[in-house]
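**Q** From first to last, the protein sequence lines are chains X and H. Number 0 in numbering that gives the first Met the number 0 belongs to position 1 of the first sequence; there are no gaps in the numbering. Number 163 in numbering that gives the first Met the number 0 belongs to position 164 of the second sequence; there are no gaps in the numbering.
No lab work stands behind these hints: they were computed from the structure. C-beta atoms are modelled at their ideal positions from N, C-alpha and C, and glycine is treated no differently. Do not rely on the hints blindly, as some may be mistaken.
Within a straight-line C-alpha distance of at most 30 Å, the following computed DSS-like cross-link-like pairs (lysine-lysine) qualify [said to hold, decoys possible]: (1) H:Lys46 <-> X:Lys100; (2) H:Lys190 <-> H:Lys248; (3) X:Lys29 <-> H:Lys327; (4) H:Lys31 <-> X:Lys100; (5) H:Lys73 <-> X:Lys5; (6) H:Lys143 <-> X:Lys101; (7) X:Lys101 <-> X:Lys5; (8) H:Lys343 <-> H:Lys327; (9) X:Lys101 <-> H:Lys31; (10) H:Lys46 <-> H:Lys276; (11) X:Lys5 <-> H:Lys356; (12) H:Lys31 <-> H:Lys233; (13) H:Lys343 <-> H:Lys398; (14) H:Lys398 <-> X:Lys5; (15) H:Lys31 <-> H:Lys183; (16) H:Lys233 <-> H:Lys69; (17) H:Lys73 <-> H:Lys31; (18) H:Lys233 <-> X:Lys101; (19) X:Lys29 <-> X:Lys5.
So these bits of chain H aren't anywhere near chain X, every CB distance computed over 12 Å [as the list claims (entries may be wrong)]: (20) Arg123; (21) Glu125; (22) Arg131; (23) Gly164; (24) Leu180; (25) Lys190; (26) Lys276.
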Amino acid sequence: MNMREKIEAAAARYPDQRSAIMPALLIAQKDHGHLPGPVLEEVADILGVERIWVYELATFYTLFHTEPVGMFHLQLCDNVSCMLRGSEDLLRHLEVVLGIKKGGTTPDGLFTLSTVECLGACEMAPVMQVGDDYHGDLDIARIDALMDRLRATAGQATGAADLAAAAPPGE
Amino acid sequence: MFEPVLLRNMDVPDGHLLATYEAGGGYQALAKALREHTPDEIVDLVKQSNLRGRGGAGFPTGMKWSFVPKRAGKPKYLCCNADEGEPGTFKDRIIMERDPHQLIEGMAISAYAIGAETAYVYIRGEYVLAIRRLEQAIAEAHAKGYLGTRILGSDFSFVVHIHCGAGAYICGEETAMLDSLEGKRAQPRLKPPFPAVEGLYASPTAINNVETLACVPHILARGPDWFRGIGPDKSPGPKLYCLSGQVRKPGLYELPMGIPLRELVEDHAGGPPPGRKIKAVIPGGVSAPLIPECGLDVGMDFDSLAAAGSMLGSAGVIVIDDSTCMVKVATRIIEFFHHESCGKCTPCREGLNWVVKVLRRVEAGQGAPGDLEQLEALCKGIFGNSFCALGDGAAMGLKAALAHFEHEFVAHIEEQRCPFH
């Protein structure tokens, strides 16, 4: 299904099309990687709702990105349970390894590094979400092994030249 | 020996599949409910069980259902609150990942009791595996006739939809969740009207937490007396406790409501790391005021913890040992509430911003005389004056840290450094 068909299918679950904005934004973000203005307007047009309603949601909820993020978005939890088990050290390590500060994206467009509020996986703290997957019980060695796996995955998926082309604008 | 029921399938291979759930007697309670009971009888059974909501507030579930009008002239809705965002809490995620049919069966029985034909599970968007498992379970239940039209040959029809959140803690507040479900920014609504009368799309709506709904099939199957026989009279039943932080065996534990906090932390979760002592415990997610080590002989139930100046909340138990700076913990907690404030009301939006600035300064060794008095005054300005419980939770947490660990705050200001770094 294309994006419009997926959004229309999601909207069928609700008696009011406005309710479908959030699911539609999640679908659009999955398709486009992030949510620039034209995509937000397309979502509004598909649902037949006010554009401002779509903008309101895209800028309120933290899982929506109106700016590009890297191929792998590293979302390290640093809330209390993870903090008590060393998430600060992991953040410092990631900043050194990636050569970027929290909130930044590597020049090759591979990694964006963020800290997030609780991921709801405190039993395996410290924990980080990468894409759809949770990685828990992290330490420096496990972080390094994970980064190696992600780089290998990226290499297999696209090749270095494609990656450079995929780098977000301005990076 | 306590027999876990909510977590009985946790270690069973393929515990998330319908075949596994059915093999353990799954959906028999739904069949029994539809075959033997009227909706009013189900509400009465849940009232008799004295089940109190497991999302944090502890409101009696049967009573909440009884507020849903029988004849409304509008569709009724059931909403499952699966927007688990309270730091320290992960119980609902594990139910949905490993035993999602338990939730679906609970929802079907609950919907039958209140007369709803449509339900939405509002689940936080980060929980990708839980969402996938729940989608799969809903499809399986439909295919087998546990969801859909004329369920198990009865007159009852019911569908469940998943609605993914997008990273806003405030959606755990039930009226903010309704706004979010309606496609708006999640901000709490003025009550009354309460959702039971005027909720989703201004229709009667029951909103229950995942763990609450997961208890319902067991109450139907085993009877309210069984449920009421576990734990204290006023807060009975099995309970899921989330253990995290500086403790040897973090994890999810199912034990009777009312178990002493010290027993939970030291015996079941193994106590603090080797060579360390417990300094404090947050008993119910970061909204719950912390309890210093000397106060751990308290029952983990709604009333005992309230009497001790804290609350059961989400039962997200965070253990803090003696290597940790309490100013840092307090700062991180307030940073969370500041980040998650929806912006609707001034005391919460502006007050927490101010509190964070003062706390960060104190933690960094740049505190000034009078900062503690200012923090106290800010707490007073936020508590009871914010629109919803988010501001109250932040203020209560900070007040408890200031009350029990004032000497650490004073040391930061007097020594102009963090004594723990």
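**Q** Run every hint past the structure and note whether it holds.
**A** Right, here's what the structure says about each hint:
| no. | hint | verdict |
| --- | --- | --- |
| 1 | H:Lys46 <-> X:Lys100 | violated, 54 Å |
| 2 | H:Lys190 <-> H:Lys248 | violated, 41 Å |
| 3 | X:Lys29 <-> H:Lys327 | violated, 37 Å |
| 4 | H:Lys31 <-> X:Lys100 | violated, 58 Å |
| 5 | H:Lys73 <-> X:Lys5 | holds, 29 Å |
| 6 | H:Lys143 <-> X:Lys101 | violated, 48 Å |
| 7 | X:Lys101 <-> X:Lys5 | violated, 34 Å |
| 8 | H:Lys343 <-> H:Lys327 | holds, 27 Å |
| 9 | X:Lys101 <-> H:Lys31 | violated, 54 Å |
| 10 | H:Lys46 <-> H:Lys276 | violated, 42 Å |
| 11 | X:Lys5 <-> H:Lys356 | violated, 44 Å |
| 12 | H:Lys31 <-> H:Lys233 | holds, 27 Å |
| 13 | H:Lys343 <-> H:Lys398 | holds, 23 Å |
| 14 | H:Lys398 <-> X:Lys5 | violated, 48 Å |
| 15 | H:Lys31 <-> H:Lys183 | violated, 39 Å |
| 16 | H:Lys233 <-> H:Lys69 | holds, 27 Å |
| 17 | H:Lys73 <-> H:Lys31 | holds, 28 Å |
| 18 | H:Lys233 <-> X:Lys101 | violated, 47 Å |
| 19 | X:Lys29 <-> X:Lys5 | holds, 11 Å |
| 20 | Arg123 | violated, 7 Å |
| 21 | Glu125 | violated, 6 Å |
| 22 | Arg131 | violated, 9 Å |
| 23 | Gly164 | violated, 7 Å |
| 24 | Leu180 | violated, 6 Å |
| 25 | Lys190 | holds, 21 Å |
| 26 | Lys276 | holds, 15 Å |
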